[in-house]
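Undergrad: Each chain is listed here by its residues.
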Amino acid sequence: MAEEEVVIEVDAVQAVYGDDCLVLQSYPPHIQIHIKPRTAEISSQQFVEAVIGIRAGPQYPEEAPDINIAESKGLDEQRKNHLITGIQDKACELSSCLMLVALCEEAVEMLSSMNHPEGNCPLCLYPLVEEDAGRDSLPFMKLMSCFHCFHCECIIRWWNWLQSEKEVIPTNLSGPSVRGSRSMLNQRSVHAAAEESTGSCPVCRKVFHAKDIEHVLDLVGAHSQLSSGDAKLNEDENLTELDSEKFRREKFEAILKLQQENSGLIEPRKNEVLLPGMFLPPPIPETTTVSVNETTDPQNTESNVRAGANSSGSSNRPRTSEHRNSGMRKHRGRNPRKQVKQWTKKETGNAD
Amino acid sequence: MTSSSAPSRKALSKIACNRLQKELVEWQVNPPSGFKHKVTDNLQRWVIEVNGAPGTLYANETYQLQVDFPEHYPMEAPQVIFLPPAPLHPHIYSNGHICLDILYDSWSPAMTVSSVCISILSMLSSSPVKQRPADNDRYVKNCKNGRSPKETRWWFHDDKV
Ligand SMILES: [Zn+2]
Ligand SMILES: [Zn+2]
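Protein chains in written order, with the numbering used here: chain X, 1 to 352; chain E, 353 to 513.
Pulled out of the complex, with its shape left as it was, chain X reads as follows:
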């Protein structure tokens, strides 16, 4: 097939995928496509994504292009292999036709069918999605920054724990900590303290913010006692319905809010996906902000920088050291290797 035809095809791919398409070379074509599941209208309901590399040789399209996954989130090795094999099969099937757009579409289709978290909740070790359709699954969520998934209930419990630890620390500085005697915060103060607080992903330690879990905070709060931390979520059959209703309502409210701010009717910006609970600017709780800052250990700055350079996968490695005498200041940072790099893309959209 003539070179111009192939080059025209590459232009077509670029026209279809816009910014999600990166042309590394137009002939023989070498492109990278950033794909997301078709079903993921709401970002918080998107559990996987990938950057697929398609590299053709001079014999293209008689010869199928090489397929690889340059980057991915939420996909384990098995599902990555499945994705690659699926696209390769499609390529063989379409042999000698111009197939770049078709391959991208196939990739999106496959990814859409994989749009759910895999494996166990890292906190309770029970499956996130019950294989057995007869059993009710607890609602789950993902952290927006790293796509690690947890049961809503479980991540909220971790969040509450972190916040209650921060509260306890100042009184502890003078003596040995009395662990286990702290009381969990009630939900109201969780909401108040949550606005400016951060937590860290239990799996990769990436920092996340209150707004990243705000939408599930309400969901879980309605169904269990946050204060005891022990109540297992009831097997409430209406839960998933409530869930989607909640997303719908919050999305609507977010739009409404935007409209008010812009004093008039507007449409959601074209390239922006509305995230439930993420557009509403939080009220500023001054008192909590201060207390949180106080507990921020300046010692952390150095290790933050170091951690930022590391890849996220290795951040749970243990370290050892000498014990210093007790006059020494304890390294108070709950997570000494907090990542500086945070997910901020969406939240800045509204502020400007």
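In short, the hints are calculated from the structure, not lab data. Beta carbons: idealized from backbone N, C-alpha and C, even for Gly. Be a bit skeptical, because a hint or two may be false.
Listed below are several chain E residues computed to face chain X (Cβ distance under 10 Å; list not exhaustive) [stated by the list, open to error]:
| no. | residue |
| --- | --- |
| 1 | Ile-367 |
| 2 | Lys-374 |
| 3 | Glu-378 |
| 4 | His-424 |
| 5 | Ser-458 |
| 6 | Ser-460 |
| 7 | Pro-461 |
| 8 | Ala-462 |
| 9 | Gly-498 |
When the alpha-carbon atoms are kept at most 30 Å apart in a straight line, the in silico BS3-like pairs for lysine-lysine are as follows [claimed, not checked]:
| no. | chain 1 | residue 1 | chain 2 | residue 2 |
| --- | --- | --- | --- | --- |
| 10 | E | Lys-366 | X | Lys-211 |
| 11 | E | Lys-374 | X | Lys-80 |
| 12 | E | Lys-374 | X | Lys-73 |
Position chain E with the ligands against the provided structure of chain X, taking the given hints into account.
TA: Relative to the frame of chain X, chain E with the ligands by itself:
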């Protein structure tokens, strides 16, 4: 003193129980290599046998780890110590306390007994010399009243054992 060193603790929460039972099952199906869980009916205290890895200073030696779980495990880290005699190691005190960040400040609830065991074994394996920490005597004396290592103010920094 080691077995009495655990402070009197509250019973496990329901969530801690569920999680530990799950870990126990997983351990039985897929135990970390080099470790043996000594079965008891006490879910809140595990005693685990550690075999020094072949080719390291601790090859052919066997030690025992005692793991005590707090009420709010896994939000709170378990207390992990070596029962006597503790291995001679630059980060292990003669009273069995282990200076390893993941047991204290760097604990994450996504870690498990199994992953902690693996970290401890790798800490053992990477030691180039069999000796006690420099401040061993002073530290152990300070712990005389059966203090938990979780109450120690540890200081962590990056170093190669
Ligand atoms: Zn869970
Ligand atoms: Zn993560």
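Undergrad: All hints are to be evaluated individually against the structure, with a verdict given for each.
TA: Do the hints match the structure? See the list:
| no. | hint | in the structure |
| --- | --- | --- |
| 1 | Ile-367 | holds (6 Å) |
| 2 | Lys-374 | holds (4 Å) |
| 3 | Glu-378 | holds (7 Å) |
| 4 | His-424 | holds (7 Å) |
| 5 | Ser-458 | holds (6 Å) |
| 6 | Ser-460 | holds (5 Å) |
| 7 | Pro-461 | holds (5 Å) |
| 8 | Ala-462 | holds (4 Å) |
| 9 | Gly-498 | violated (13 Å) |
| 10 | E:Lys-366 - X:Lys-211 | holds (29 Å) |
| 11 | E:Lys-374 - X:Lys-80 | holds (28 Å) |
| 12 | E:Lys-374 - X:Lys-73 | holds (27 Å) |
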